[in-house]
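**Student:** Sequence:
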Amino acid sequence: MNTINSTALANLKKNRGRNMLTGIAILLTTFLLFTITTLGFGVIRFQFHAANQLYPTYHFMYRGVSGQTAAQLSHHAEIASLGLRQDTAEIILDNARCRLIYLDETGLELGRIALEKGRYPSATDEIAISEGMLHALGLNADLGDSVTLSYQPAEAHGLGYEQQKTFVICGILPTPDTEEEYSLYSALVSRDFMLETLAEPDRLYRAMIRLENPESLTTDAIINKAETIAQAFSIPKGEISENTPYLIANYIDPSFYAAIAGILLVTILAGVITIYSIYYVSTMYKVQEYGKLKALGATQRQVRAIVFREGIFTALFAVPPGLVLGTAASLGGFYILLNSFASDDILGETLRSIYKSGELSLLQLWIYIFAAAVALCTTAIALMRPVHIAGRISPMEAMRYDGPGNSVKSKSRKGYENVHLFRLMKANLARNKKRTVITLASLSITGVLFLAVSTILSCADPDEIAHDTILYDLELSIYSISGDKMRPEYDWKSIQQQNPLDEEMKLRIGNMAGVSAILEQKNTKVLLPDVYDGDALWSTSISGIPPELADVMEASVIEGSITYEDLTDGSRIILNKKSFNWSPDWKVGSVIRMILQDGDKEIPMEFQVAAIADPPAYLSHYASFMLPSSVLEEICSNNQTYYYSIDADKEKLEAVEENLLSLTKENRFLRLYTFEEEKAEHEELTVFTSAICYIFLAVLGGICIMNLINTMTNSVYVRRRELGMMQALGMSEKQLFLLFQMEGLFYTFGTLLISLLLGSAAGFRFFQWGKDSGFLGIIRFHYPFAQALLLFLVIAVTQFGMTWLLARSFRKRSIIERIHYNT
Numbered sequence: 008m009n010t011i012n013s014t015a016l017a018n019l020k021k022n023r024g025r026n027m028l029t030g031i032a033i034l035l036t037t038f039l040l041f042t043i044t045t046l047g048f049g050v051i052r053f054q055f056h057a058a059n060q061l062y063p064t065y066h067f068m069y070r071g072v073s074g075q076t077a078a079q080l081s082h083h084a085e086i087a088s089l090g091l092r093q094d095t096a097e098i099i100l101d102n103a104r105c106r107l108i109y110l111d112e113t114g115l116e117l118g119r120i121a122l123e124k125g126r127y128p129s130a131t132d133e134i135a136i137s138e139g140m141l142h143a144l145g146l147n148a149d150l151g152d153s154v155t156l157s158y159q160p161a162e163a164h165g166l167g168y169e170q171q172k173t174f175v176i177c178g179i180l181p182t183p184d185t186e187e188e189y190s191l192y193s194a195l196v197s198r199d200f201m202l203e204t205l206a207e208p209d210r211l212y213r214a215m216i217r218l219e220n221p222e223s224l225t226t227d228a229i230i231n232k233a234e235t236i237a238q239a240f241s242i243p244k245g246e247i248s249e250n251t252p253y254l255i256a257n258y259i260d261p262s263f264y265a266a267i268a269g270i271l272l273v274t275i276l277a278g279v280i281t282i283y284s285i286y287y288v289s290t291m292y293k294v295q296e297y298g299k300l301k302a303l304g305a306t307q308r309q310v311r312a313i314v315f316r317e318g319i320f321t322a323l324f325a326v327p328p329g330l331v332l333g334t335a336a337s338l339g340g341f342y343i344l345l346n347s348f349a350s351d352d353i354l355g356e357t358l359r360s361i362y363k364s365g366e367l368s369l370l371q372l373w374i375y376i377f378a379a380a381v382a383l384c385t386t387a388i389a390l391m392r393p394v395h396i397a398g399r400i401s402p403m404e405a406m407r408y409d410g411p412g413n414s415v416k417s418k419s420r421k422g423y424e425n426v427h428l429f430r431l432m433k434a435n436l437a438r439n440k441k442r443t444v445i446t447l448a449s450l451s452i453t454g455v456l457f458l459a460v461s462t463i464l465s466c467a468d469p470d471e472i473a474h475d476t477i478l479y480d481l482e483l484s485i486y487s488i489s490g491d492k493m494r495p496e497y498d499w500k501s502i503q504q505q506n507p508l509d510e511e512m513k514l515r516i517g518n519m520a521g522v523s524a525i526l527e528q529k530n531t532k533v534l535l536p537d538v539y540d541g542d543a544l545w546s547t548s549i550s551g552i553p554p555e556l557a558d559v560m561e562a563s564v565i566e567g568s569i570t571y572e573d574l575t576d577g578s579r580i581i582l583n584k585k586s587f588n589w590s591p592d593w594k595v596g597s598v599i600r601m602i603l604q605d606g607d608k609e610i611p612m613e614f615q616v617a618a619i620a621d622p623p624a625y626l627s628h629y630a631s632f633m634l635p636s637s638v639l640e641e642i643c644s645n646n647q648t649y650y651y652s653i654d655a656d657k658e659k660l661e662a663v664e665e666n667l668l669s670l671t672k673e674n675r676f677l678r679l680y681t682f683e684e685e686k687a688e689h690e691e692l693t694v695f696t697s698a699i700c701y702i703f704l705a706v707l708g709g710i711c712i713m714n715l716i717n718t719m720t721n722s723v724y725v726r727r728r729e730l731g732m733m734q735a736l737g738m739s740e741k742q743l744f745l746l747f748q749m750e751g752l753f754y755t756f757g758t759l760l761i762s763l764l765l766g767s768a769a770g771f772r773f774f775q776w777g778k779d780s781g782f783l784g785i786i787r788f789h790y791p792f793a794q795a796l797l798l799f800l801v802i803a804v805t806q807f808g809m810t811w812l813l814a815r816s817f818r819k820r821s822i823i824e825r826i827h828y829n830t
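Under our numbering, think of the first position of the sequence shown as 8, with each following residue one higher.
You may find that some hints are simply not true.
Calculated pairs, PhoX-like style, for lysine-lysine (alpha carbon to alpha carbon, straight line, at most 20 Å) [stated by the list, open to error]: (1) Lys433 <-> Lys659; (2) Lys584 <-> Lys594; (3) Lys686 <-> Lys513; (4) Lys608 <-> Lys585; (5) Lys513 <-> Lys672.
The set of hints was computed from the structure by calculation and includes no laboratory data. These numbers were taken from a predicted model, which means no experiment stands behind them.
From just these sequences and the hints, can you work out the full model?
**Tutor:** Rendered as structure tokens:
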């Protein structure tokens, strides 16, 4: 072992206090680097793996494609595989619909169509069917049995005349929950049956497409490619259907990676500031030691090497425990994450299965190497300035050195005739202003982050958010899907012509025991001739506000002025503030042309914007415009009622909920939402998000507190002789303890003041961003008083604890020993 390494190791033992603090800071930095990277990339990898087991693996689908176009598409350079699907026929029942579908071999693979038993159909009279569909048809049959089905061919212009055929069941398909939920079942038929049933002009396939080399593509890039290829083959944009669940699970938004990188950078910055501060402060107090090394013949390069290697040796001892703790935290955190999914969540169940079976490992070797390397680099960067300072010290400068903050160039030192504790504290803090500023800055960074994040989390009140979404205890609404060519009956303009939310339904619900109030709200779909979504007109809606909510509507106005009564003339309208995300430069007074969709009729209208509002969700239901419900009733001939807000007696709430659920089972166009479910959903999200944020901030705070401990410790120990002389001149133990307290309180109140000022300002900006973007559904501003108090208590307890320990340690030496102490 050479002299430099021996000296560095000797210093490592000698400066145990400093190196222990540095080691803890490096350990915590390593812990955060490893845990954040492991959980961030682990979630992505596990989600990818689960998605590839659960979802169809095509990227997008083109509807209404002819056989010739499909053949041309299959030879496109950017298309890896293309599967064909043809909806051949339909069976329409009173409460269900059944489709007979043909899929080619690639389509079966891309669609992940698996059989419970049997084989896929190949002959004209063979069929693979689910038990759910057999039950819906009222048939009791199994593999090998014959069933006679009456169906209508799915011709290009609609369903053809009913036909009948006897099929042999060659395979049994699983029955997904979605089929039972929507009463929409599917069975597989052979290519021969499809060719026999549909003439060439009626064969309009759905082409399922998977792109070449998609790994480097984002979701947006895949969608752009889908549109580009469609344009080349004259396929309308409206006939493109993305495989959204698969794309979301497999192609992460680049902002997710940016968020991970941002959190890692904050961690590295905190580590650099803390380690730098610890070594910088210590270096200031070791000037004479480095000067003696120079006097004994050490070169500038050797002194730098000694200081640098001491820091690196500390890091080498601290990184392994950080990785061990990070491993334990990652495993525990991922286990909690997996169990946060509901028991009936298929994605959550698949993720748990993958984890338990060991198909995929959460821990990866490259993350261990990455975390260790970045922690060592963080230490090296933090040491650059202290190493440079140590190397510059000359023997002569060291001999003339009179303590940190006292420049050798100074000719005089300011003093006082009368000395009291405040002046002593001020003199010590001013002795090295840079040290004081660095310590305050490192503590304040964490405080500012803590208060800013706490503000947005305190604004995410689940009860408040749920009340903003659902007016009363229960909400019965229409379930509609716009533009779904596979299920046109679910379009709102079709449903409203035989709207289940009619007077008879209202009377039926009103007669339920426990129902105390029913409030109906309307919703009318509109097209905007002056706003385009690609090649199509922009589609949005108008919310019909009942008289009972007139006061709420008027109170939500943030620009302009209008009363509910003034709007009943039908010429003016209220614009929702959230429409500014996509709308032109509309303002109060703008005239907007609209086409109201009243069933199959389209009614052109013009409205003047009377006011701009920021309404609660239960009022607007995310519609872009608001009008009195009476105005919509006058304009539209069909029943536009879309929501029933239902209030119930608390003791009979469960019974009312069960009765309403039975209504949704009777009618597939109805859905029930409850306040408690909405609240529970937001609680789960808020609790999980808060836990992650506060754990991260706690560890980050721990890193920065090491700096406070180091500053206070060094400040006391290097002044032993000075303080001993003060005691010899009459300073009492009580005054000494009070002096330590005052110096510590400076950092406590300084940190708190900076954190409160900057953290509160940053928190309010976060709140404004969160409210505008819909982050966590936050609505109103709530200042985090409890978190601010917690921040104060943590810093104060740390400071008081350190003061007590330092004073206790200081008392162990006699005044003579303190005066004889030599730094």
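**Student:** Does each hint fit the structure? Answer for all of them.
**Tutor:** Structure-based check of all given hints:
1. Lys433 <-> Lys659: Distance of about 68 Å is beyond 20 Å: violated.
2. Lys584 <-> Lys594: holds, 10 Å
3. Lys686 <-> Lys513: Given pair Lys686, Lys513 is violated - Cα atoms ~26 Å apart, limit 20 Å.
4. Lys608 <-> Lys585: violated, 28 Å
5. Lys513 <-> Lys672: holds, 17 Å
Against the hints set out earlier in the document, violations occur for numbers 1, 3 and 4.
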